[in-house]
Each structure stands twice: as C-alpha cells, then as structure tokens.
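Those protein sequence lines, which keep their order, are chains R and L.
Numbering (the numbering used here) for the first sequence: 4 to 352.
Numbering (the numbering used here) for the second sequence: 4 to 352.
None of these hints come from the bench; they were simulated from the model.
Heads up, a few of these hints could be off.
Stated by the list, open to error - Cut-off 25 Å, straight-line C-alpha distance, at most; resulting in silico cross-link-like pairs (SDA-like, lysine to any residue):
# : chain 1 : residue 1 : chain 2 : residue 2
1 : R       : Lys192    : L       : Glu305
2 : R       : Lys273    : L       : Val51
3 : R       : Lys192    : L       : Val274
Listed below, chain by chain, are the residues.
2 protein chains.
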Amino acid sequence: MPLNNDIIHALRQVIDPEIGRNLVDLNMIHDLQIGADGRVGFTIALTVAACPLRDQMAGDARAAVVALEGVTGVDIKFRTMNEAERKAVFGLSQAPGLPQLKQLNQVQQVIAIMSGKGGVGKSLVTAALAVSLRRQGQKVGILDADVTGPSIPRLFGLASGGLRASDQGMLPATTKKGIKVVSANLLLKEEDTPIVWRGPMIAGAIKQFWTDTLWGRLDTLLVDLPPGTADAAIAVIQNLPLKGVILVTTPQELAAMVVRKAVYMLRDLKVPILGVIENMSYFRCPETNHQHAIFGPSHAEEIAAAAGTTVWAHLPINPEQAALCDAGRAEDLDLPELQVLSTRLVVAA
Amino acid sequence: MPLNNDIIHALRQVIDPEIGRNLVDLNMIHDLQIGADGRVGFTIALTVAACPLRDQMAGDARAAVVALEGVTGVDIKFRTMNEAERKAVFGLSQAPGLPQLKQLNQVQQVIAIMSGKGGVGKSLVTAALAVSLRRQGQKVGILDADVTGPSIPRLFGLASGGLRASDQGMLPATTKKGIKVVSANLLLKEEDTPIVWRGPMIAGAIKQFWTDTLWGRLDTLLVDLPPGTADAAIAVIQNLPLKGVILVTTPQELAAMVVRKAVYMLRDLKVPILGVIENMSYFRCPETNHQHAIFGPSHAEEIAAAAGTTVWAHLPINPEQAALCDAGRAEDLDLPELQVLSTRLVVAA
Numbered sequence: 004m005p006l007n008n009d010i011i012h013a014l015r016q017v018i019d020p021e022i023g024r025n026l027v028d029l030n031m032i033h034d035l036q037i038g039a040d041g042r043v044g045f046t047i048a049l050t051v052a053a054c055p056l057r058d059q060m061a062g063d064a065r066a067a068v069v070a071l072e073g074v075t076g077v078d079i080k081f082r083t084m085n086e087a088e089r090k091a092v093f094g095l096s097q098a099p100g101l102p103q104l105k106q107l108n109q110v111q112q113v114i115a116i117m118s119g120k121g122g123v124g125k126s127l128v129t130a131a132l133a134v135s136l137r138r139q140g141q142k143v144g145i146l147d148a149d150v151t152g153p154s155i156p157r158l159f160g161l162a163s164g165g166l167r168a169s170d171q172g173m174l175p176a177t178t179k180k181g182i183k184v185v186s187a188n189l190l191l192k193e194e195d196t197p198i199v200w201r202g203p204m205i206a207g208a209i210k211q212f213w214t215d216t217l218w219g220r221l222d223t224l225l226v227d228l229p230p231g232t233a234d235a236a237i238a239v240i241q242n243l244p245l246k247g248v249i250l251v252t253t254p255q256e257l258a259a260m261v262v263r264k265a266v267y268m269l270r271d272l273k274v275p276i277l278g279v280i281e282n283m284s285y286f287r288c289p290e291t292n293h294q295h296a297i298f299g300p301s302h303a304e305e306i307a308a309a310a311g312t313t314v315w316a317h318l319p320i321n322p323e324q325a326a327l328c329d330a331g332r333a334e335d336l337d338l339p340e341l342q343v344l345s346t347r348l349v350v351a352a
Numbered sequence: 004m005p006l007n008n009d010i011i012h013a014l015r016q017v018i019d020p021e022i023g024r025n026l027v028d029l030n031m032i033h034d035l036q037i038g039a040d041g042r043v044g045f046t047i048a049l050t051v052a053a054c055p056l057r058d059q060m061a062g063d064a065r066a067a068v069v070a071l072e073g074v075t076g077v078d079i080k081f082r083t084m085n086e087a088e089r090k091a092v093f094g095l096s097q098a099p100g101l102p103q104l105k106q107l108n109q110v111q112q113v114i115a116i117m118s119g120k121g122g123v124g125k126s127l128v129t130a131a132l133a134v135s136l137r138r139q140g141q142k143v144g145i146l147d148a149d150v151t152g153p154s155i156p157r158l159f160g161l162a163s164g165g166l167r168a169s170d171q172g173m174l175p176a177t178t179k180k181g182i183k184v185v186s187a188n189l190l191l192k193e194e195d196t197p198i199v200w201r202g203p204m205i206a207g208a209i210k211q212f213w214t215d216t217l218w219g220r221l222d223t224l225l226v227d228l229p230p231g232t233a234d235a236a237i238a239v240i241q242n243l244p245l246k247g248v249i250l251v252t253t254p255q256e257l258a259a260m261v262v263r264k265a266v267y268m269l270r271d272l273k274v275p276i277l278g279v280i281e282n283m284s285y286f287r288c289p290e291t292n293h294q295h296a297i298f299g300p301s302h303a304e305e306i307a308a309a310a311g312t313t314v315w316a317h318l319p320i321n322p323e324q325a326a327l328c329d330a331g332r333a334e335d336l337d338l339p340e341l342q343v344l345s346t347r348l349v350v351a352a
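This is chain R alone, in the form it adopts within the complex (with noise of 0.2 Å):
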C-alpha cells in the first residue's frame, strides 16, 4: 500500500501549466484516499469550471501516481474551487513582521493607455512610452490588463513563467533596460496558452496585479487595456489611482465610433483623458516616398475635442518598427514622436 507522503511527493512534480505552479501548493488536490487493495483516489479542485487544460492536469497526475510502488489504480474526481480558495492560490500571504507592500510601494502616477477598439496599436505605444521614459532615467512599470491577449511579454522578449512569488508579493519582471512588467502571459508556461475567464476573474486578477505585486519605487506605472469597455476597464478605473488616460486610435470611422464609446465612459466615471494619438495614420512608400492615408481620413482631432484634450501624435504605419515589437525588440525602437511628447510624463526627481 503506497504512502500518504508519497503520493504527495509524486503529486507536487505535476505542474498547473496555465499557473506554473504544482497542484499540491496550489491547494488543488483534496479527499486523498488510499484503499488497502492499492487504489487511489482523489479530488482536484479546479481554478475554474470549464478549465481546458483539466484532462492534461489529471493525465498528468495519474501518470505522477501510478508510477508508485504499491498502487493498483487511481480515481480522480474534478470540483471548482470556491471563491475563497481561488482568493487563497492567487492571493500571496504574507509572512507577519515583514514590511508590507504598501509601506514598498511607492508609485508616482499611474497612466493607463486606452481605445475601447482593438488592433490600433495600445500596446506598442504603451511600450514606446515606456521606453523613452526609461531612456530619460524614470524608473518606469507596465501593468498589462489585456488579460486574454496580452502583448507587452512579446514586445520586450520576456519569456513565459517569469513572475516570480516572494514574502512581499509577486515580483514583476523586468526588462534589460530595466523596466518592471506583470502579465498574464508571465504566469504562463507557454504565450500561447489560452486564459478562458470570466470576467470577475480578469477584474480579480488586474486587482491582484497592482496590490500584490512588489512595484517598489516608480516614477510612472502605465496601463495596458484590453479593447473594450467591460470588466477589465471598469476594475482599473475602481482599483487604481488613476492620474488619467491615453487615447489611442487609427483613422477608421469604425474605430473612432468605438473610442467615442471610450471617451464618453470616462468622461462619465470623471476620469481625465490626458490626450489622443492617432497611430497607422499613413504608410509612406518606401519607393516614392509618398504618404497613402491607408486607413482613410483621421478623426483624432474630433474625437479629442469630444475628450476635451488635444492630439498628442499622428503616428506612421512603420514595418521595421513593427518588426522590431515582432522579434521582442521594444527597447530598440525609435519614435521620434513618442520619444518627445514622453517628456509630459516625465515626473521631476
């Protein structure tokens, strides 16, 4: 008959791969029953319901078990964790005596760069701000909230299951220039994994990424939303001490109709909208050298005097510096644009 201990031991090898961390700390495995005939059975309590990576958890677990000497089959039974216990394994306890995290923390502003349409281009230009601040000597982080599509691991080439947990919280990763980022894609072992959420868990998560993460000192915390108005803005816009937010949007009518729909949710939660970039506003052929406005006529003057601010950059379509974003390369960009107008958010020593 295999032991209690062993068959924890065996279990702690076997990896939640959306988490990265083993289904024994993760408080995942419950009613351990060993029969006298060598069966096994437990219950693995799942983050949540529909999770797709559970046949591969438990494959993996019974692969852990039945390797065991002793053991003759093993019964594994799902349930969903409550909320309390999904509070316990994405929450970060804290060692008593230890100075807490918002004794650590000190942000100067927190930005947040916004569209409500997708595919306009938020994340890269929340890395090329990023960037030139950083080149300016702030000391600067990036909260991803696109929680399902998160971009910015992939822009700085950061790789896959690079948070890591301390007494004080998570510790963000960071840049080779030195920039601190926490993403959804760093809890991941592979990027492309898919995070299948609902909402409440993406406002929990974003929630978790700015009180538990051990930011430390920061002149300016950006914001990356995801596109929408829905559960991940909203729990930005209630947890964090917003200074404002940056516009971003292409010269489509579709998408500024959609960003109006931004603007006008800010202006209703008296959040203030710091100013509007305009980004894929032309491609300039590198045979003539002609500008094509590719994507129509801009509307970044009318959607901000509708956010009662200015237009902050009209910004080129750009295929190096894309390619640049594409090899991970984000530090190595040059924006003349950004790199100026990034001097407004430069927050005095």
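The hints should help you fit chain L onto chain R, whose structure is shown.
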C-alpha cells in the same frame, strides 16, 4: 396634490438612454409616494450598479415630475435591480397561445468568426461573408457578439435604436438586401454611447440575442465575436449550436500568438475550426503596383496547421473597400476572394 397616474404618465416620457425604452415600461420605478404637501418620492432601480447614466436619468425624471401641477419637490432614491428584475427587463415575455420562438426559428447553421486579437478585421470578414452568401440567394443573419465594441450596424448603415420587440421576441434589424442583424448598438439611441457592462451581463445579452430573437428561417447565422477568450466567447460556445469557427488573423507575429490562444481554446472545447482567413496581408501601392508586406511575413499557414485546417484566403489591405465599410455600404463590397470561398458555406435548398 398630483395624481399617481399623472406621475406615471410623466415618467413614461423619460427614456433610459442606454436601452432606449422608458423607465416605467422597464419597471425601473418603485415605491412611488405622494405627500400631502406635494412632495413626490420614488426609487429608480438601475439595471447596473455603476450605471454611468444614472444622473442623467434622475435629472430627466425629476424635470418631468416637477413640471406637474401641485408637485412641490421630488426625492429620488436608487437601488440596483436583482437578477430576476434584470431578466424581466432584458427578456421578452411571450403572450400565451402564440407559437413559441423555437418553433418559428429554423437556423440551418451557426458559424462564429473569431480571432482572439482585436482589430484584425473580423467584422469586415463577417459582413463580407454575409453579403456574399446573400448574393447567392441564401437567408443570412448576423449576431454581433461584440457587446462593448459592436461594428456590424455601422458597416451596414443601420440606425441605432433599430431593434423592436414583438409578442414573439426581439425583431432583428434588416439591411437593404435583407440580412437580419442583432447588435447591442441597435439597442442604443446613439451609436457611441458606452456599454459599461461586466462579463455576466455581456454573456446574458449574447444568450438572449440567440434565444429571444425572432430569427425566423435562416440558412446561416454568422456570429461576430469580440477579441479575447473571456465571457463573450464562452457564452457563444456554451449556448449556441456552433457548426464551427472561422479564424481571422493578420501577419504580425503578435497577432499570431494571440490567435493561437483562440485555436487552443477551441481545440480544448472541441469546437471545429473550419478555416483561417488572413487579413491585411499586403498593401498594393497604387502608383507602382508593388505589394508591400506592411505587417510582416504571413503566419497563416502555421496557424492553420495548429488548428488542423487550411488557409482560405489572404486578403490585401484595401482602402476603397474599407471606405465602403466606414460609409455603411458593406453591401457594395467587392472582395472576389471572399465571394468564391463563401460558396463553401452555402446551404443546399
């Protein structure tokens, strides 16, 4: 002292700007009290807790009531509707004896258009496929599942507020050529009013767009999904009888990574992937006629391989066609590639 009926009549003139129906019919007015001194008090039950239009509605309601003879003051309280009340508002009760929706609705196939990443042109592809099928004499509907960033009504030039109720269910708006459309933007009075809803509300709306709409007889219902693998995607997969999904991507490696998340989600949930359409594959300079791979090399073949399917089309960036969409003229689109491949989706009579 004002009469109860007069107050109700006055409040019937006050419209919830988000839903486009009056507060009385929406059952938002509760605890109406009329004091002997002419003071009127009531509670407005809001459909969502942090309703950004709360103050506007209260202002309108106050103005309507205070204008009545004998009213000396108006006291308005707020509370949030419970789930049952919300359901009663957004659901449509059916008169007894009428044929049930499920007898009237006969939808031959339901196909979702998804990408995971925003801004890749999902809505354009959805609209163009619908138009192509319609040109072949098929009966086509579009369910716009992008609740916070809906694009479909704009592409077809459909006016906001175009959804109406009947005894048998919600009536879709109809395009010039007869495509039936349901979208959150058709519920709004102004297309750029934000819908600040959390995930469960979004999932509930999508479910009702399917179950409570009088779709009638359709050969194909196309579902335009928002970016992400969160509530909207889960709601569509769990509640609609999907024949399969068409994936839309663009050449950027970043987009490919996020689209792969969608592939793995669909695979884990056992939803068939019918094909991959790459949009914005290149731009043909009108002066030199040269193709420019503005967004980098294609990743469509590798996504299709991961999805166990094939690439259906590489669509160019086409400013003229995009301008048609911005002008609400999607039914004039001329995309020969999509016209050809839409024949795969034709349902035999």
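Query - Hinted pair Lys192 (chain R) and Val274 (chain L), Cα distance within 25 Å - result: Distance ~24 Å between Lys192 (chain R) and Val274 (chain L) Cα, so the pair holds.
Requested in this report: Starting from Lys192 (chain R), check that the Cα of Glu305 (chain L) is at most 25 Å away, please.
Outcome: Roughly 20 Å between the alpha carbons, so the hint for Lys192 (chain R) and Glu305 (chain L) holds.
Query - 25 Å limit on alpha-carbon distance, applied to hinted pair Lys273 (chain R) and Val51 (chain L) - result: Satisfied, since the Cα-Cα distance of roughly 18 Å is no more than 25 Å.
Figure legend: structure checked against the earlier numbered hints; every hint is met.
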